[in-house]
Structures are given as C-alpha cells and as structure tokens.
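Enquirer: Spelled out from the first residue to the last, the chains are:
There are 2 protein chains.
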Amino acid sequence: MAVDLTALVQKNDARIVFLIADGIGSIQAGPNNLTELQQARTPNLDGLAAEGECGLMDPVAPGITPGSGPGHLGLFGYEPTEFEIGRGLLSALGVAFPLKHGDVAARLNFATIDKAGNVTDRRAGRISTQENVRLIARLRAKLPRSIDGAKIFLETEAEHRAVLVLRGKGLGDRLHDTDPQATGVPPLAPKGLDKKAATTKTVGIVRKLVAQVGKILADEPRANFILARGFALSTKLPSMADRYGLRAGAIANYPMYRGVASLVGMTLLDPGDSLRENVGVAGKHWREHDFFFIHFKYTDKTGEDGDYDAKVARIEELDAAVPALRDLRPDVVVVTGDHSTPSKLKAHSWHPVPVLLWAPATIRRDAVTEWNEVACAAGGMGRLPMTLLMQLALAHAGKLAKFGA
Amino acid sequence: MAVDLTALVQKNDARIVFLIADGIGSIQAGPNNLTELQQARTPNLDGLAAEGECGLMDPVAPGITPGSGPGHLGLFGYEPTEFEIGRGLLSALGVAFPLKHGDVAARLNFATIDKAGNVTDRRAGRISTQENVRLIARLRAKLPRSIDGAKIFLETEAEHRAVLVLRGKGLGDRLHDTDPQATGVPPLAPKGLDKKAATTKTVGIVRKLVAQVGKILADEPRANFILARGFALSTKLPSMADRYGLRAGAIANYPMYRGVASLVGMTLLDPGDSLRENVGVAGKHWREHDFFFIHFKYTDKTGEDGDYDAKVARIEELDAAVPALRDLRPDVVVVTGDHSTPSKLKAHSWHPVPVLLWAPATIRRDAVTEWNEVACAAGGMGRLPMTLLMQLALAHAGKLAKFGA
Numbered sequence: 001m002a003v004d005l006t007a008l009v010q011k012n013d014a015r016i017v018f019l020i021a022d023g024i025g026s027i028q029a030g031p032n033n034l035t036e037l038q039q040a041r042t043p044n045l046d047g048l049a050a051e052g053e054c055g056l057m058d059p060v061a062p063g064i065t066p067g068s069g070p071g072h073l074g075l076f077g078y079e080p081t082e083f084e085i086g087r088g089l090l091s092a093l094g095v096a097f098p099l100k101h102g103d104v105a106a107r108l109n110f111a112t113i114d115k116a117g118n119v120t121d122r123r124a125g126r127i128s129t130q131e132n133v134r135l136i137a138r139l140r141a142k143l144p145r146s147i148d149g150a151k152i153f154l155e156t157e158a159e160h161r162a163v164l165v166l167r168g169k170g171l172g173d174r175l176h177d178t179d180p181q182a183t184g185v186p187p188l189a190p191k192g193l194d195k196k197a198a199t200t201k202t203v204g205i206v207r208k209l210v211a212q213v214g215k216i217l218a219d220e221p222r223a224n225f226i227l228a229r230g231f232a233l234s235t236k237l238p239s240m241a242d243r244y245g246l247r248a249g250a251i252a253n254y255p256m257y258r259g260v261a262s263l264v265g266m267t268l269l270d271p272g273d274s275l276r277e278n279v280g281v282a283g284k285h286w287r288e289h290d291f292f293f294i295h296f297k298y299t300d301k302t303g304e305d306g307d308y309d310a311k312v313a314r315i316e317e318l319d320a321a322v323p324a325l326r327d328l329r330p331d332v333v334v335v336t337g338d339h340s341t342p343s344k345l346k347a348h349s350w351h352p353v354p355v356l357l358w359a360p361a362t363i364r365r366d367a368v369t370e371w372n373e374v375a376c377a378a379g380g381m382g383r384l385p386m387t388l389l390m391q392l393a394l395a396h397a398g399k400l401a402k403f404g405a
Numbered sequence: 406m407a408v409d410l411t412a413l414v415q416k417n418d419a420r421i422v423f424l425i426a427d428g429i430g431s432i433q434a435g436p437n438n439l440t441e442l443q444q445a446r447t448p449n450l451d452g453l454a455a456e457g458e459c460g461l462m463d464p465v466a467p468g469i470t471p472g473s474g475p476g477h478l479g480l481f482g483y484e485p486t487e488f489e490i491g492r493g494l495l496s497a498l499g500v501a502f503p504l505k506h507g508d509v510a511a512r513l514n515f516a517t518i519d520k521a522g523n524v525t526d527r528r529a530g531r532i533s534t535q536e537n538v539r540l541i542a543r544l545r546a547k548l549p550r551s552i553d554g555a556k557i558f559l560e561t562e563a564e565h566r567a568v569l570v571l572r573g574k575g576l577g578d579r580l581h582d583t584d585p586q587a588t589g590v591p592p593l594a595p596k597g598l599d600k601k602a603a604t605t606k607t608v609g610i611v612r613k614l615v616a617q618v619g620k621i622l623a624d625e626p627r628a629n630f631i632l633a634r635g636f637a638l639s640t641k642l643p644s645m646a647d648r649y650g651l652r653a654g655a656i657a658n659y660p661m662y663r664g665v666a667s668l669v670g671m672t673l674l675d676p677g678d679s680l681r682e683n684v685g686v687a688g689k690h691w692r693e694h695d696f697f698f699i700h701f702k703y704t705d706k707t708g709e710d711g712d713y714d715a716k717v718a719r720i721e722e723l724d725a726a727v728p729a730l731r732d733l734r735p736d737v738v739v740v741t742g743d744h745s746t747p748s749k750l751k752a753h754s755w756h757p758v759p760v761l762l763w764a765p766a767t768i769r770r771d772a773v774t775e776w777n778e779v780a781c782a783a784g785g786m787g788r789l790p791m792t793l794l795m796q797l798a799l800a801h802a803g804k805l806a807k808f809g810a
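Protein chains in written order, with the working numbering: chain A, 1 to 405; chain B, 406 to 810.
Simulated from the structure, these hints should not be mistaken for laboratory data.
On a predicted model such as this, the values are computed, not experimentally measured, just so you know.
Check the hints yourself; a few may be wrong.
Unchecked claim - Once the Cα atoms are required to be at most 27 Å apart in a straight line, the calculated BS3-like pairs of lysine-lysine come out as:
| hint | chain 1 | residue 1 | chain 2 | residue 2 |
| --- | --- | --- | --- | --- |
| 1 | A | LYS11 | A | LYS100 |
| 2 | B | LYS641 | A | LYS402 |
| 3 | B | LYS505 | B | LYS520 |
| 4 | A | LYS208 | A | LYS195 |
| 5 | A | LYS301 | A | LYS346 |
| 6 | A | LYS208 | A | LYS191 |
| 7 | A | LYS196 | A | LYS100 |
| 8 | B | LYS574 | B | LYS613 |
| 9 | B | LYS749 | A | LYS11 |
| 10 | B | LYS702 | B | LYS749 |
| 11 | B | LYS641 | B | LYS620 |
| 12 | B | LYS751 | A | LYS402 |
| 13 | B | LYS613 | B | LYS600 |
| 14 | A | LYS402 | B | LYS702 |
| 15 | A | LYS402 | B | LYS749 |
| 16 | B | LYS613 | B | LYS505 |
| 17 | A | LYS100 | A | LYS151 |
| 18 | A | LYS297 | A | LYS236 |
| 19 | B | LYS751 | A | LYS11 |
| 20 | B | LYS596 | A | LYS402 |
| 21 | B | LYS706 | A | LYS402 |
| 22 | A | LYS196 | A | LYS151 |
| 23 | B | LYS556 | B | LYS520 |
| 24 | B | LYS556 | B | LYS613 |
What the hints assert, rightly or not - Partial selection, computed: residues in chain B whose CB lies under 8 Å from chain A:
| hint | residue |
| --- | --- |
| 25 | THR470 |
| 26 | PRO471 |
| 27 | GLY474 |
| 28 | ILE490 |
| 29 | HIS756 |
Each residue gets a CB set at the ideal place from its N, CA and C atoms; glycine is no exception.
The whole structure should be built from the sequences, with the hints applied where relevant.
Expert: Put into structure tokens, the structure is as follows:
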C-alpha cells in the first residue's frame, strides 16, 4: 500500500534536480548493435553513475507504452493510472493555451469527407501547418464567439492537428470521440457517455459547432470537416508544494512539458536556447526553488525520427551539460527519461527507462560504472515503478521523516 | 493484490529461523569506503549466501525510513501501512508493560515549565534514569489509583522518558499530543481528534491527570511537568498462528522487540546473554516451535552510535553464530534486518536491507557468493517489499500449497 508522504514531509535547504532526457531509453541498433546510450561517449554521466546508484524504472507499468503526460506524471510521483491527463488537455497544454479550471479541451483533426458524408481521409492529406493556420483563421472569423453560453476557442497545433477549448459553466468531458477511426464511414455524431446534465449540455454545443464548421469548410478541397478526440476537463492536480513541500521550478522549452509542470504547480522559469543555458537558468533561480525539472526534448525527437546517430549526438550534448550542473552543488541529481523512444522503433516504447540517482551524502554506491540500459539492469535500485522515484529523491534530500516509532 | 495465505497454509515439521540483525544495512564509509558488511570478515554468512539466494528488500517502501515497529511488522509479513503500532504502544512494549486489550498507552517526557506556564525545556535537562525512577515513585505515591474509572499506570522508560498506560472501559486514542514541540509556549491542553465518546472520556481523564501531576511536581527544580505523545490503543494483531499456522518462538533481549513479537502472538523464550547463547536457546526449544525469531540488537546500536568499527565487529559476532545455527539443521534460514542503520548517518535510514535466504532442499542458487548490500543487488531475489519475505520462507519450508488448480 502506498505511504502517505504528506505526513512525513519535512522541509530543509537541500536542492534536488531532475534532469529529464525525454525518450532516453532505447533498444540495440546502429553499426555496433548497441543502444544509443551504450554507443555515446558519456564520461560525465558515467561519473555520476559510478558515484551514485542506478536502476530501471517503469513509467506506467511493465509492457505499457506511456504517452508524454503519464510519463511525466510518473516522474513527478503522481500515479498515472490515478491522475489522467486527457488527450485534449495535453493538446491544449501543448499549444500553451491558458486553460482555466472547468474548461473542456478536445483534440481536433482536419479531415476530408466525400459528398455522401463518408470520411475519405482522417488527416485531410496531412495538410501543412500553414494551411492549418489559414483554416483556423477562417473558422474564427465565421464561427460565433459562443454557443449556448460557452466560449469557443480554436488553436492550431501542427499539420492536420488543432485544439478546441470550450469555456463556460457546467461543461463536462464524458463524450465519445467523433473520429470513427476508419474511412468509408461517416464521422460519429457527438454523443455522451452518460446522461448527466453537463454531458448533455456539452454534447449539444459540440453538435452545433461541428455542424457549423461543416458548413464553413464545405468548399475546401481537402480539409472540409473536423473530427474530435479526447474530450478532457481541465482539473487541478494536487501541487508538488502540497504533496512534497517543494518549491518546484520547471525549465522546459516545449509548451506541453511546461503545461504538465504547471499542472502540478511548478513555477515556469524562462528557458534558454540550449540545455547548457537551461542549467544556467537553474543556477540563476537556485535560491528560489528546492526542486528543478530540466527538460531536454531532443533525445525523444531524434528517436521518433529514427535517427540513431542524431540521438547519440544529443546524448553527448546531455552529457556535456553535467559539469555545469555539478558546479551548482545540488544535493540530489536524478537523470532519467519519461519513457523510452528507440530510434529503431521511431516511437515511444514500453521499455523501462535507465535511472541514475546521485546524492553524495547518503547514496549506497552500487557496482554500476557506466550509464546505460544494460548496466542499469544490474544496479542497486533494481527495477521499480517510476512513481517511487520522487520519494527516493526526497529521502536522499533529507526531506522525509521516519515512518512509525 | 496480496494472496490470502490462510487458504494455502499447510503444516509440516520444517523449521524456519529468522536471524534478524537490527539495522544491518548501510552505506559506504570507513577507511576503505565500504559498507560495514563489505568490510567485515564473514565467511559463514558468505557461505550461506553462496548456497542460498540473496536480494534487497524494502521494509516499508523505497525511500521510507522505518521505525522499529513497522520494520519488524514487515519482517513478520504484516503490511506496516495497514498495521500500525503507535508510539505509546511501542514505549509500553519497550518497558515490558503487560498490556491488555483496550489499554491506552502514551509516551511521556518529563519537562520544565516556568512560572508563566511556558515550556523552557521539553526534556527537563535530560534528567538521569535514576531521577526518573524517583519522580515516578513520587507520582505513584500521590496520584489516585484511578481517574473516572480508569486505572493509571506510570513506568520509567529512560532519562526523561516515561510511559503512561490507562486501563478501563471505553477508552480511546484519538488524542492530540500535549507536547507543543517548542519552548516558550505552554504545553497543549489535552484535546480530542474527534468528538466520539471514547475520545471525550479519555481527554477528560488525561486533563485531570496532567493537572494533578503539575501540582505534585510543582516544587521540582527541573522535572516539574509532563508532556504526552503518541496515544495508542492496544489492539490485538492477528497472530502468526492464525495467519501462517506457525508455532513461533521469539528470542530477544530488548523489551521492545519482545513486545512486537508478543503482539503477533509469538511465545517469548528466555534469552541468554549473547547471540551465541540465543542460538542455543532456539536449540533447546527446537521441538516446541517451527519458527524462531532471533533478534540481534547491536548492529543497530553501533550504527546509531556512528561507530563504524564497532558495527563491523558486531557483524563478525553475527557471523560467528552461524555454525551453531547450522548445527540445529534448520530447513530455512533467513538473515536480514528490520531496516538499515548506516553508521555514517547515525540513524535509521530508507536504504533497502540485504536479505539472505538459505533453504538447501528447495533454493534456486543465484550468483551471489558474499553477503553484503552491493552483492545482494545482483541476487536472484531482486528487490522486493519486505512483506513478501515471510511467504517466501513459508514456501521454502513446504508450508504453502498450490494456488489454484
């Protein structure tokens, strides 16, 4: 059974840094049949590993491939199966939409339907982002500001992807997707998952909206319809301050990670243009925060691109930022990822992520002397659920009191 | 979800011995930067490890530092977050007070208050145990035997620490501490955490008691007041006989561990004066019991003292007791601790404890050939919650039937 940390949390001056290399974990590939971490030259990370403790962690559960939301929730100690961030919410966070409590967000795809009303392309031929911006401007100009008292917001995400946000009283998110997940059939009509008032009200709004969008876009050659997925109500998660007594600061360049960080109550710090600069940002705010989340996107991006060599290079860039991080004299450093993104698979995967925990005052050194997935499997940490990482970091920072007499 | 062992338990003649070295786990320190277990010469424990299976276990959960109560509950297979032993109860067990079901126990500190009624010293200058005995005798002589129908028991623990036990019908333990955890402020008035009858009744008794103690001790120069903490109702835990079908015997020299053992229904056997003698005690009672808990305190005590060399020496004393234990021809031997107590930290810690499971008839030998924390990280057992240790021991003793057809 999980321990109630709030009863044990004690504050002190210790500083914890989570250096998160998105999608860091991998499987063997490349000229030497090694993971990118095995292939990369990482003297500084290996040094941290030799002085620290290593292991493997499952962001959600063994065999489960995490989305970016659950992956990060796990890192921050929030059980991803308990705290869900719906797809719509994640998309809204991803475009830095200033969500308010009670907003309902959905992910939209521009799509193509034929004269019979059947979907012929669920992504409208993957239109360009520029085309998406034009379409959103057209919709904004012609749609009413609000429907049934709910304000309508539409935002471009990228290519065929957009975001819908509804803002009003008494809205709900218990709606089926309208994306039929197939071609040759019509889009699904907006429909509720239950008969509650909030659901019914929201279904009504979405029906009217979809109908009007269909009319406005009728003359478009490709993007003549929208499909909605992942309706999600914006709800406040318990903050890291409440759960752990931490004054947490987030340094992330991509809106989605800034969004997830702000969902758990982190202060968003202005990022620099490189990981090295972002370590400097942590240093600049060193007195104001006792927890820093530094996000590095490019280990995921290169993995998704299937670019083995580029991922190796990005890992070496990660490694090069370590000395500056050590110069800040943190008490606890964690280096890991939110999930694996093997370049061989060009996608997120379920493989557990390598974890490195460095805490000179309290660590039990294990036998691991280099930081990669295979070495970590023999680490002192063993294989643990990712949700336990935060309490381990808190323990090593001296921020947890004894349990029981 | 946990398996219901009671449905699987089967009795046989196999003998299980739990040799518990309190606070055994550690982190690197000392002249060679090794843990005390790595540093100590332990040929007999290494022999058991080579023939057996090793691993790391978390007494409560990763990152959580266990008190002695939760640590031992975990060893005996009782989920520490489910079965809590309050501080008052542990103190009463620690002085070998013969608790009855329904008693309420609290830990008392003798304290100093000034003329304005503010606490000036929460520990009354850490008075001697001898002084404590005198004060308790004085209170016993002047206090009534009972208040509002509840009998009053006061016992010296050590230095400024004492124990209060209330015995009567309808008492509760939902009381705030009266220790304000600060000086310069008055003691907190006894107050309930809820409005239930048992709470209200107990609050009333404690109020009268505290007032009378204040009058009796008014002329004392230092220990002129008492502060109460950790009110705890004595409740019976399910016994090891009921849960596992075991006739368990406990051999422990310190009252608190005898107390925890009696809470789970073990028979308390008269201990000898050394670990070696205590192994002999197990031999003497070999026919009467099929489970023996042998407690060795000094690996914890030397850790708490921060005495690296002394802890190494105590580990070598532990090692020296192994041949006599093997001579008893047990079927299953477990060697581990209830938590880590690194001498570098001079306190209990959250680091997982090394576990050794020896069972010649059924073990799957792993690659571990020496018994220490780093070697155990590569053991066949992996890293497991401590609560699973008992069912592993039962399995190797042939005391668990197949689950399902």
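Enquirer: Name the hints, by number, that the structure is in violation of.
Expert: 1, 3, 11 and 23
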